[in-house]
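*Asks:* Since the structure of chain A is provided, determine the placement of chains B and C on it from the hints.
Going line by line, the protein sequences match chains A, B and C.
According to the numbering used here, the first sequence is numbered sequentially starting from 300.
According to the numbering used here, the second sequence is numbered sequentially starting from 435.
According to the numbering used here, the third sequence is numbered sequentially starting from 13.
Everything labelled a hint here was simulated from the structure, so no lab data went into it.
Please read these numbers as outputs of a predicted model, since none were measured by experiment.
Every beta carbon over 12 Å from chain B, so not counted as near; a handful from chain A, in silico: (1) PRO313; (2) PHE324; (3) THR413; (4) LEU533.
Examples of chain A residues lying across from chain B (beta carbon under 10 Å, computed): (5) ASN501; (6) GLY510; (7) LEU527; (8) PRO599.
For each residue, glycine too, the CB sits at the ideal point set by N, CA and C.
The residues making up each chain are set out below.
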Amino acid sequence: MLHYFLRRLGGAIPTLFIIITASFFMIRTAPGGPFDRERVVPPDILANLMKAYHLDEPLWKQYLRYLGGLFQGDFGPSFKYKDFSVAELIAQGFPTSLTLGTIAIAVALSIGLTLGVWAALRQNTAVDYTATGVSMLGIAVPNFVVAPTLTLVFGLMLGWLPVGGWGSPANYVLPVVALCLPQIAAIARLTRASMIEVLGSNFVRTARAKGMPERVTITRHAIRAALLPVVSYLGPAIAQIITGSVVIEQIFSIPGIGRYFVQSSLNRDYTMVMGVTVFYGALVIFCNLVADMLYGVLDPKVRYD
Amino acid sequence: MNRVLEVTDLKTTFATPEGDVKAVGGVDFAINKGETLGVVGESGSGKSQIFMSIMGLLARNGRAAGSVKFKGEDILGLPVKELNRVRGAKMSMIFQDPMTSLNPYLSVRRQMTEVLMQHKGLSEEKAAAESVAMLENVQIPEAKRRLNMFPHEFSGGMRQRVMIAMALLCGPELLIADEPTTALDVTVQAQILEVLVGLQRDFGMAIALITHDLGVIARMADRVMVMYAGGIVEKGSVRDLFKDPQHPYTQGLLESMPRLDERESTRLTTIGGQPPNLQNLPSGCTFRDRCRYAFERCPVERPLLTPFAEGPDGAIRSKACHLPSL
Amino acid sequence: MTDMTILPATATVEVKGRSLWANARHRFLKNKAAVAGLILLVLIAIACFGAPYFGLRDQDDINWDMIQSAPDLAQGYFFGTDSNGRDLFVRTLYGGQVSLTVGIVSTLVSLVIGTLYGATAGFLGGKVDGAMMRFVDMLYSIPFIFFVILLTVFFGRQFVLIYVAIGAVNWLDMARIVRGQTLSIKRKEYIEAAHASGVSSWRIITRHIIPNCLGPVVVYMTLTVPVVILTESFISFLGMGVQEPQSSWGTLVAEGADNLEIAPWQVFGPGAVLAITLLSLNFVGDGLRDALDPKDR
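This is chain A alone, in the form it adopts within the complex:
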């Protein structure tokens, strides 16, 4: 198992490296600088600013400087919010985004798995068609259409839930729902397909032939095998929730990192954009690692490769 973990880790580190390098060079070589947006700065002050931020150094030197900083947890200063460093801003916004994301994935998994298994067990009945239909909707309707719709219905028309802000549990409901709907749909679909395939497999037939109660056959033999593709999907699922949170935080005015990211992109706040990208990239890689380990627990073949 350790061997497997090390191999996975070995794949993760280069990926992180690529993210850091690619985003660095992309944002730095883009036309326009961080100070273009504001009022025109006199040239000598501009020169001083460039020097202070090391923007006058050759690109490769800036890159190494950045890497070094990263190792110490320093993402650099924010060009827009001058009193704060990127690390501070991320630290401020992350707990919020983390809460939102964690709840969303937990909800998505619980509902999605249940729905998928249920639909597979009641194949071609009303339950199955409803589940499949809802899945299709969840996948096709974008979350930035769902979110305003939900807000309209539950926030403005019915007045049950607040339309924005953050603080009380009631604030969580709409954003989480909007965020996790596509994932519920995707997970339900995946689980259903996987479960149907497993239910028709030879080893499930053997379990039944052994006279195992149907409940045992389903839980111990079928579900366990059907989970594997879902576990593989966890990495991309988390990546998609992070992606979705960018929009959701915007719509519901939630003070998380996603919002910073959008603003920073529009403002050419280099360090902030890179910082968020690297941070989230590392997070996704970490989550993928965890998902891989989970897969290894479930599938013995992979462990001993």
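*Replies:* Chains B and C alone, transformed into the frame defined by chain A:
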């Protein structure tokens, strides 16, 4: 009660968009205590579906009708809960493909102990001990260590032996073996058959041996029934059938087996034509389009399986053919 | 004694064969959802691209009397007007042109990149294949939206480049599919048979390998288009995609979301059309997949 299994007029049909497939068209047979009944036929003859029906393992679109008595008790149509008392415990089945028949994600130990824990209420430790003993019975080396391994760490032949061990844990009176050696190498085949022979000697269970290989039948079976297009065409003791087949299909099967003492230049004999479409069976005898003896009665009237003689060991010989004799 | 004239043994019964494509087409047509989706898609495409010829209002036409009005069927404002008094229905249709074009162009880009990459990996096999696929695995874990946004910042809102950017981050699935197909086809016996009968490599590639890759590739193309359209809508929603006066479904929904409290209809018109298009694409894609892969029932 000498009969372990008694099947009367078993019919199995599969509903498909293009029409009903009559996989089994009304078969009658019985298996006696401790004997080995061979079930021979081509793919699609219905030989497997008979036993899938008996074990309640039909696909979702399959329906079985008729009567199946296991030791006098009706089991066809039993609710799953009741059937689970019988399957795996008093009547077991092993399948053709050992590579996929074991759950790859659970240890062998888990898969074996759960049978004993479920049917006999044993504790995990006791169940594990009995499992080791059974693995040794099927000649798995280092059984104790192997018990804790996973299926992918076993070879094909070993996996099949694990399957056999698992099937015999509760001491069933009937073991249904659906083409147990088809997916294995020839040398491994012989080993598996030896294992089965030895186990039958030690435990005394009856075996239903489904196969398309006449050589396997010759080695192991006491009686044999030949299936074609969902029906039994001939039934009797192995000796009688091999020596003096009375159905044209059986005759064709025997003739098509290449022999060691044949001259090299003779061509291989085949049975011309194709098996009929099970959704659209021909009228009368299902074999008539390929039969060299067919006459006017054959397309008109379906021949019923009728006894016509008694073999030396008391086994009744039956055939489904209009010809008085070949 | 019955007359026993022996009848001649009749041989086989004729079985009507069906080519793989005819079979697939037959199954596809039986799938009602897929057919409905296809019809809807064609209708939407005709409506959007044919909009200039239908004699409708211009998308920039401002009606000072009808600023921010609800749908008014009598006057022909099916979706109402936006905050500038422009006919939202017409804007949706023109926006559809942008969104659909992005869908097709970006999908083609990802098709080209993915197919080349996947076919090369599958064809070369061995260690090269292993390394190439490991690279793909690594890329999978990156939330690509960040890179799309970075790329749009990079390219500074130039239309075509946005399309390319979206395509460039979506080729991973295609590469995997094509590589899988190439690998399995390479091993098939009919390739060996063709080689053995002296068929040239070029012919083998064109007559055997490519047609057999087509199925899954077509399915995935159909399933990539909605993802691409969604991505474009996403970044447009954030304000980083298509710019005024051009609009896409994403920008229209964004405007609508902004005005949710005072003019709720603004979201629903374009939002519904977007959702229906995506749903239809998914149904068609699923239908194709079911039709082409018999085991996948």
